[in-house]
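S.K.: Now for the letters of each chain:
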Amino acid sequence: MVRDITFGQYYAGKSLLHRMDPRMKLILTFGMIVAIFICHNFYSLALMALFAAAAVVFSGVPAKMILKSIKPVMVILAFTAILNIFYTKGGETYFEWWKISVTEKGVNTALFTVIRIIVLVVISSLLTYTTTPTMLTDAIERLLSPLKIFHVKVHTLAMMMTLALRFIPTLIEEIERIMNAQKARGADLESGGLIHRAKALVPIFIPLMVSSFRRAYELAFAMTCRCYTGGNGRTRMKQMKLHARDFITLFVCLAVVAGIIVLNHFFTRII
Amino acid sequence: MTYPIELRNVSYYYSPGTPLQVAALKNINLKIGEGELAGIIGHTGSGKSTLISHFNGLLRPVEGSVIIDGEDLAKDKETLRAARFKVGLCFQYPEAQLFEETVARDIAFGPKNMKLSDEEINERVKKAAEFVGLKPELLEKSPFDLSGGEKRRAAIAGVMAMEPKVLVLDEPAAGLDPGGKNEILSMISEYKKRTGCTVVLVSHSMEDIASVADRVIVMNAGTIAMDGTVDEVFSHSAELRSMGLNVPEITRIFIRLRELGYDVPADVYSVEKGAQILREMIRRRSV
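Residue numbers (my numbering), protein chains in the order written: chain A, 1 to 271; chain B, 272 to 558.
Just to be clear, a hint being listed does not mean it is correct.
Unchecked claim - Label-pair distances were calculated between CB atoms; the ranges are:
1) A:Ala216 x B:Gly467: 40 to 46 Å
2) A:Thr132 x B:Asn280: 40 to 46 Å
3) A:Arg226 x B:Arg555: 54 to 60 Å
4) A:Val202 x B:Lys544: 43 to 49 Å
5) B:Tyr285 x A:Ile195: 33 to 39 Å
6) A:Met65 x B:Glu408: 54 to 60 Å
7) A:Lys64 x B:Tyr285: 20 to 26 Å
If you're looking for bench data, these hints aren't it; they were derived computationally from the structure. Backbone N, C-alpha and C fix where the C-beta goes; we use that ideal spot for every residue, glycine too.
Isolated chain B (complex conformation):
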């Protein structure tokens, strides 16, 4: 069976062969299946960004192999180039990549590199802009005239327009206000629902991952420390804490409530759900 992304015994070192050699990834084995929405979580410096840079061959593993859609990236240059379009990588603060005169042309940069026809490119630009919720009149503006949140959307649209099989987003909500953050996150789950693509979401925020992901991969010191469903991973709250991570605040409240003897579920990851449960409890008590 082929996976969209498969890593076999991948290790990566920075400055190999020098006294400054640092192991950024240690013997990583990872399979991400078709249509999954996987969240990668980890403390700063745990190797998240190094890991996703392997998915499209920006970094080559020092040891092991990266297999994208059944093809080893080490095979030849064409395979590597094809991987750039199969795996759409959207880095942290992607608005830093905007450069064209208009938003539309910037979104078209990726598809143009794929050597698509002009009509196809136009079609994709419109579709991607609609996906991220950019109004059509913004498309003819300069990307530098957009607001911060709009820039972020335009940059994400630039990656989406390549219609990759796998969309990888590194901290897509970093630096946005709570409203903008929720919009981006719901946009991502919407994208996954409508296209059926595989999505990998990198974040250090447990709340973000819990609200959208089916599967959570926890990175710690260059290794995969945990890999499972949201419930499975969050049930190891002590271990997570030792890695400098934590379960969402609302979950912590509910865990504490359970310790105090209240009959509440432990798998509460969003404030909305938590509030609903608490309201019901209070209502029941007052009855």
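Chain A with its partners taken away, still in its complex shape:
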């Protein structure tokens, strides 16, 4: 039930991708996602897909886990495929009936978009599979630190994100506990119309709010007790350092992008 929601789907490992500097990983992931959208024919997209596949192999994350991350977007995939097949017209007509027709261009576009979304999901899920939420927020904090010049409280934002992620499992547990307690008092959460169901959630959410506020106060208090005063003058236990592997990966990514641009130039546009 609620427990099955996996969040921060980190897959522990010691692969090249795991050991990379999270800052570089974050930047490259963003860069490669942009690169996916630069591709405009099957050849450049194939290169991109190849890159994603290679990244999966280097990450050591089992293919099964990767497939699991594609599962939630299946509906979107089906939806875009259907829309593209029927609404994009051009080229040879394969099939025609009443107002519906399937054309070469439609099939190509549908296939192209589906592959593009899959590659997108694979690359972005690799980031979360190989980086712990804490590392990720740390990296975000570092990358955004130039904004400090404009008095943006980067550290505070990053701390808030870390805490939010940390408390998700705690809150899920809390919801389960409260739900059980109210069910034991005969609360009926499963039947009835929409309004009835919405009303049935009141006994769950009010105690949840109350306990969340209590937790927040307690946490703030505990942090104050340990002399937490925000980011100023705070040093780190784990220093982030760029290694040769980070630059090699950067180079590989740049090569892939260059390849995409070349392939885009030599073959006809599909999308």
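Keeping the supplied structure of chain A fixed, place chain B upon it in accordance with the hints.
M.R.: Quick look at chain B alone, frame taken from chain A:
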């Protein structure tokens, strides 16, 4: 003969069919009779809470059957729903379930779900509040304005107001100071005496169980390790210790005194009784 609670060969696993499968209950057979005050005791993770969650069908057994008041919970949805009201389950830290605007309305939540008449509900709210010792003027306050101990009482009253045949309390005294703890415990024995209901008390504290229960069920690693009267169970002090439990401290003192050759009883479970016996011994010696 029907029992208020009967479990036949009940097993329960968490995450069944995955590598993470954990057996929380293993082949449990248990009968709790009418009007009993049974204590369930066990170390953390021994399956106490999983066990009581079966009593009202919050958890369904993976194997075996749960029979409440002669009816198998697996029969249909109505039986299951009826069981929720027959077995009143009060979880650990029940104050976390308070949500209404006033204490009275919160206590009324259970009875309202039973679709009782308004007068009946009012009657029950008053009765339950009196039982747990909540002053009438507190009933119109917000439950969030009460003190910790009062919140606990209000939450317990919310379960009592359903007038279940079996009242199950999971660590009702957890986190209370000694005074509050004794009050809650004596309230429970008082409740049992006045209503004649079956009461199941879950605790990891031997002292608490010994002070109120007639029967002690010891859980260990998902099985029932011992089941008997307080005296019977506490006489196996070595076995209890191997399960991470222990007989009350005062009992340990008396067992040690016996080992040292003093003529004292071994079934001393409360400090008051122990003190009384020791005072008498000292007086006799000085005579």
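S.K.: Just pull the numbers of the violated hints for me, sorted ascending.
M.R.: Of the numbered hints given earlier, the structure breaks none, since each of them holds.
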